[in-house]
Structure formats: structure tokens, C-alpha cells
Amino acid sequence: MNSISAVSTDDALTTPRPLLEVRGISCNYDLERAVFDLSLTVHRGEQVCLLGPSGCGKTTVLRAIAGFHSVLTGGIFINNRQVSAPGAMVPPEARRVGMVFQDHALFPHLSVRQNVASGLRSLSAGEQKTNVDDMLDRMDISRHAEKYPHELSGGQQQRVALARALAPKPLLLLMDEPFSNLDQELREHMGQEVSDMLKENDITCVMVTHDQNDAFALGDHVGVMADGAIVQWDTPYNLYHQPRTHFVADFIGNGIFLPGTVSGSARVATALGELESDEALDRPVESPIEVLLRPDDVVHDPEGPIRATVRRRAFKGAEIMYTLRTTQGITLLALFPSHANYEIGDEVSVRLAVDHLVVFDRDSED
Amino acid sequence: MASVISSTQGSNPHELLRQSRRTLNWWSGGAIILAALAVMPVAAVLIFAFGDSGDIWEHLVKTSLFGYVTTTLWLMLGVGVSVFVTGVSTAWVVTMCRFPGRKVFEWLLLLPLAMPAYVIAYAYTDFLEFAGPVQGLMRTIFGWQTARDYFFPEIRSLGGAIMMMGLVLYPYVYLLARSSFLEQSVNVLEASRTLGRGPWRTFSSVSLPTARPAIAIGVSLALMETLNDYGTVDFFAVYTMTAGLVDVWLGMGSLAGGAQIATTMLVFVVLLIMLERMSRRHQKLYQQAGSRYKPLPAYRLRGAKAAAAFLVCALPVLAGFLIPVAVLGRLTLIYFDRAWTPEFQLYVFNSVALSAGAAAIALAIALFVAYSRRLHGGKLLAFGTRVATLGYAVPGAVLAVGILVPFAAFDNAVDALLRQTLGISSGLLLSGTVGAVLFAYVVRFLAIAMGQVESSLEKVSPSMDMAARTLGYRAGQTLVRYHLPLIRGGMLTTAMIVFVDCMKELPATLLLRPFNFDTLATHVYEFASDEMLGEASLGSLTIVGVGLIPVVLLSRMISRTRQTLGESVT
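Chains as they are written, first to last, in our numbering: chain X, 1 to 366; chain E, 1 to 570.
Simulated from the structure, these hints should not be mistaken for laboratory data.
Since this is a predicted model, take the numbers as computed values, not measurements.
One thing to keep in mind: the hints can contain errors.
Calculated pairs, EDC-like style, for lysine to aspartate or glutamate (alpha carbon to alpha carbon, straight line, at most 16 Å) [what the hints assert, rightly or not]: (1) E:Lys459 / X:Asp30; (2) X:Lys169 / X:Glu200; (3) X:Lys169 / X:Asp211; (4) E:Lys379 / X:Asp30; (5) X:Lys316 / X:Glu185; (6) X:Lys169 / X:Glu93.
Listed next, the stretches of chain X that the computed footprint assigns to chain E, with coverage defined by at least 3 CB atoms under 8 Å from CB atoms of chain E [as the list claims (entries may be wrong)]: (7) 97-103; (8) 111-122; (9) 162-175.
Glycine included, C-beta positions come from ideal geometry on N, C-alpha and C.
Take these sequences, add in the hints, and give me the full structure.
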């Protein structure tokens, strides 16, 4: 025991050991490779999110962390303890992870109180009660304590599921699409609330989702996954504004890719005129590229140099999303304030307001 | 890597490996051993059939085998059509329509489940014979004198056997079709109505195709029972393969010849198993749609339509249960003093004890194996269970051959060993004991237990397991604390179905029982064989009566599902 504490103090003095370390794992799903040499690191109190389309392997990664899926290469470490290695794994019940599921997975034959107490059987009855009461109170579900899961609304079930997972004070909370069973309004609300609660209580959490809004609401860092690998690990802000690949740019947010050619160290010539970036592009002149244009990069301006026709409009309340076709034959997405109200077929003038150019090589495979 | 591992809390890869391997072995290893035991009889039949049997194989092919096969095919075709029509029509009427008596019929329709085919055969033989009440009444009405004055169909025929089996086997289809109809998404049905399809079109184009896998399972179960039947075909002198097997074994004294007929029967068995397994896979796809149950839309029937619905439900209950019970009841009253003996009470005890024991063992094994499959999956285990559950489709007579051969070999080997070493004889240890009968019951009804337990477990979301495991429960604890309470209803149903089946089981009991050991079924069979239907009636009625207890429990479960499904209780 002495040696262990010595090791951990040593570590604390140098670099803080991450709470979760996934090192180069590969997993199969139905005999096919689903995860390729994937690594990620989560520090104590951090909330991260794996975001990707269905079938990208994100759930397999989560299951591997929980101990339901074996790894073929690499290893998984929770709190400095190796829990998965090729051909060996610590069973889920011995990993001290909590888990929240899409279908909540509440035990239907147990009351809310009994559900939340499920993971506390090592405690005395009195301690259990204090613990459960505290948890119910924190999740604001005390008044439902004696009810059964089927008597609860979706949002309440969600809270019970969280309370149950957090009651045993797990080292790590894992959430598998926790909000996708909720309706849109509740979903945003719960996302915010859960995020606040996790922050306040300093809970380390890994969530997987296919919904970028969920990911942005909760993740300090978000890993965008495609085909069993993380293609970009970044903050939500950077993922949106500085996507590193075409796939990430396409998957996150709206926008179009405008073809162009590098015309200077930070300049691009396009059919809609020359664009200037605040940063050098690191590409030789004449390189064929494409520029990411987000809808908010296209600004409504009656004096603007670009003439376009409204092809489609989608009213979003405060804003309207327009699909425009310029005289040059280029399709643009534009987000205008609601008072700039045009009908389909109307002529509009716009200009491009891009400070930082996000460019990708054209004809690159992704 | 190595330095990292050594600095962590004693979790070196070898320790990890030991931990995970141990759990893996405990569950799947046990399951594979159990599966292997269940496969043994089938394997023994195959090995034995291709062994030396003199010329009997050739003789069989030349003479009677073709006849056995054709008769069996006709019987299965007839029973298949009969249970399909009766089972599906009653299930649909009872779930989708509202008419007077519907709620009572929901469970009345299960009653024939308590009635073995051979018992109903005895009852109708008495009912329809020349001196029986039906022909007597006809003679009185029409003034006929002798049998030559009129035509009356012979019940002791292939057609009669089809009718008898159809009447008592349709509840398999009814039960499965009914629960499939209940589980269908209301939204889909309503969508169909709004797309302009009437009730009949909705039934034929939506309900029926969706329920097809469930119905196919029900029909295949009924056909397995048909293939298994010995009592009816023996009594009616219909030469199916089972009748042929017993004849060759006991009549011609050739166990090897019997094993060869058994091998032919296994071809049928494999086909039925494939039908059932395939349907189960489809069922899985079809039934994952509905997330929440809503009250089913009901067609309110009045007048002639209500009367028709009433008749559709009343006829099977009347013909499959009430009439035979009345016939047996009358006979029992007349012959009671001769039938009610201390021996009889012993037979009752034997039957109940054997059946309850077999049900408990089969269920425990099924749960263990199904849960280890859920835990570890794995090709070997999947294959093992598939083969092990052949037992249900394997007719009792075939099983008897497959059990007797290895058990006798074991007994002889032990006996020889003991004689050599200690100079004492061990006699019969396995063969000719109650254990052999119990073993046959478990092997034969393991599949039905497996199927039911598996489908109950499948209804429990996998995230439930993951939730329990991450909350600190080991696999076994998860099973006991969280799965068992959730699947309790399904388990009880399963136990009861297995229990009833054991109570009714005749051929394997008949062929494997120890000397002077009788169950109700063998007792009834022996009296009936001697044309002493009156003396057999108390036993027959008792089999039906004991069989009724689980049917009543089953029907109570049905009314409970109705409440949880939120159907209007009006």
C-alpha cells in the first residue's frame, strides 16, 4: 500500500494523472473492426463527449470503457488502474463507473428510492437512506421517491437514472445518448441542467451522442468520430469555427464549400470575388482549395456586391435561413435576421464577412 | 507499458486475465456441458442407427417405411391446417373484436391445452361409437335399426386423428398469435385504417403478416406434438412413424430398426426446428417497433357478426374440451368404484412429482443457458443450444431409444467394472429407473423452456444489465435481483407449460419407466388398449383436471397482461 501512495504523490508533483486514459484501443463489433487505434484522455472533473453519426463506433468505445466490450489492442486505465487489455478485462461491476442510458434502464419493479439505492448495498440502511435522500434532493425528485418508473415523465426518469448512477460516487460517469428520448424543449433544458450539475459536483463524464447540440451543451472537449477513429478532438467553439477536415466541417453546423484557388499567402480567388484571411494559408499559389462558408458568414447587405435569388427559406423565429443562388450559379446558405423577409424568387444582395478562412484541399478524399 | 502496469494497483494483465477467464468459464462452460447432455440422446440414435442391424433397414424401406412416412405427412398437413385456422381466427377475434363473452373466451380457449390427444381420442371413441349417445340418438330419430342402415364416419381413422389433434393443439397457435396481436403497434394498425383499409384488409395485410413469425412458431410446436403422438395413432390404428417405431422395437424386438425409423423422423424434426428458429428470428425484427402499449382499437360487433364471433370461439371450446369432459365425466360416474383404488392415487402422485421435478430442472437449465448466452454470446454456445433444444421436436419414442442405449451401456460398464474389482453387481443404475424418465422429460421439454426464457430475457433491455453491472452487481446477482423479478411471469408460464406437457407425456414414459411403475398416462393407456375406456376415464379426467391448474394460472396471467396493456375494461 505504501508504494502505491508513494507513486501517486510522485505523480501529483509532476503531471496530474488523467482519470481516464484510453490508449490505442481497437475493438471488433460483430466480427468487424469498429474502433481503430483510438486514444483519449479525460482529466478529473472534465466532461467530454464523443460525437459522430450512427455506426461510427462511439458506443463501442463507451462500452469498452464500461467493461462490456473487450479490446483487441491497447488498454484502458481508470484512475491509474488498468481495467482493459487484450484478452483481459476487469468486469464492469469492479470498475466504479456509473452509466446512464438512452432508455434510462430504470428497474421497473423498484420504486424511485429503491432504484437510486441499487448501487449502495455495501452501506448500512441508515447511510443508504441519507445518501439516497441527498441524491434525490440534488436531482430535485424527492417528491417522487415512492413512485415507480412508469409513473414518471421522461425528464423525471432521466433524473432518476442520473441519481442512480451517481449515488455510489463513481469515479467516472458514462452517458449513452442520454437525451435522445426526450422531446426537443426538455432536451435543451436537461442538457443545460445536467451540465451545471456535473460541473458543480466536479463529476468526470464521458458522453456519446449523435446530436451536436447535446455535445456542445455538455462537452468541455468533443471528439468527433468517423469510421472508428477520432478525427478531431477540440472545444465546441473550435470544432465549429476551425474544423480540421471536410467531414468535421460538414457534420457540424450548416454551411457550403466554395471552390477557389490560392492567390496569395492569405488570399483566395473564388467565383464570388477574392477573400482574405487573417492567417497565412500555408499553401502554394494556384492550389485548388475550397472555402467553408457558414450561414452567418453570408451577410444581408443591400449594397453588397453579390446578387442572388432566394431558392428556399426556413423560418426560425428570430432568424430566417435562406438558400440562395447567386448570379454566378453558386448555392449559398445565409442566416438573416427575421426582419429581412424575402419570398422565394426574390432578388437579394449579400456580401461575405469572413475573417478567418477555413480551407480544405479540393479533391481530397474526405 | 510494463512500468505503467506495475505502478498501478496490483492489476497486472495476468491478474486481469485470470479474473475475466474465470467468469467466462463458469457460465459458458456450464452451459456447454448442459447442452452436451441434452444432445446425447439424439447423438446416440444416430450412432446406433448406422450400426449393425441385420437386414431390417432394407426390409423397412421395401415394406412399411414409405407408408409410415406418407401417413405421417398427411397427419401433419391436416393438423397444421386445422391448428392454423382455429388458432389464428380465435386469437384475432378475441383480441381485436368486442362481443358478448369475449373476456371469458380469452381463457376458455386455453382449456383444450389440458387435454392430451389420446384422452380426447378415447372420449370421442366412446361418444361416437355404435352404442354411444350420438349414433343412438340418430337411430332413435330416423328409426334406423343397424349400422347398415346409414353411413357414419369412422372416428378411428386418419381423419379422426387429425380432428382430435387439431382440437387439442390449436392453443399453441392461439397463445402465440394472441400475444403477437396484442404486442402489435397500435399506430401501425391505425395507420392502416387511415390509409383506407377496412378491418379485414388490415387483418390480412398488416396484422397477419406481422404475427406470421409467432404463428409459425405455434404451428411448428403443434406439429412437433403431432409427430410425437403415440397414444392416439396407436388407438386409432394410424400407422405413423412413431407407431412404426414402437412396433419395430417392441413387436419385432429390433431396437436398431427402431433407431433407423427414429433417424428418418429426425429429418422431419430438423425441418420443423428450422421453421421455428427462422420464425423466431423474424419475430425479433417485427416486434421491436412498439415502444409503449396503447389500448388496442376494438371492432364492436353486434347482431349476426357478434353471433359469428361467439361461434368461432365457442366451437373449439365445446369440441375440444366441454364435450370430451362431459363424456369422461359420465363414464367416471359409472365406473368410479372400479377406478378409484390406492394404486390410482399412487399414479397421481408419481405423475405430479415427476412432472414438477422435470419442470423445475428444465427451467433452471434453460435460465442458466439462456443467460450465459446473453452474457457471452459466442458461436460454440449458440450452436450448442440450438442442437440441445432439438429435444423438444424429438418425439418421445425416439428419445427413449436415444436414452436407453447409452444408459444401458453405462449400467453394463459399471456393473462389469464392479464385478471385476469388488465382485458385486450394481444392477441397473440409470436405465429402467425413474431417473431415465425424468431425463427424457427434461431433454424433451428443455426447448420450450429455453424458447420461452430466451424470449422473456430478450424483452429486458440490454441496458438493464449494464445498469446493474455498473452499479456493482456481478452477473449472477444481476440475474437474481433484476432479471428474475422482470421475467417472473414468463417463467411461471413456462414452468406450467412444461408441467402440463410432462403430465401428458406418454411414449417416453411408456418405454422408459421401471417395471411396475405407472404414471397416470401409462395407466390410462393400458386400460384404453384393453378397450376398457370406462376404467380409464377417471385417470383421463384426472390428467385433464391436473392439467387445468396451470391453464387457470395462465389465464390469470392473460387477464393481468390485459390490465398492464391498458385495454379498456368494459
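Margin query: Name the hints, by number, that the structure is in violation of.
Written below: Violated hints (numbers, rising): 1 and 3; every other hint is consistent with the structure.
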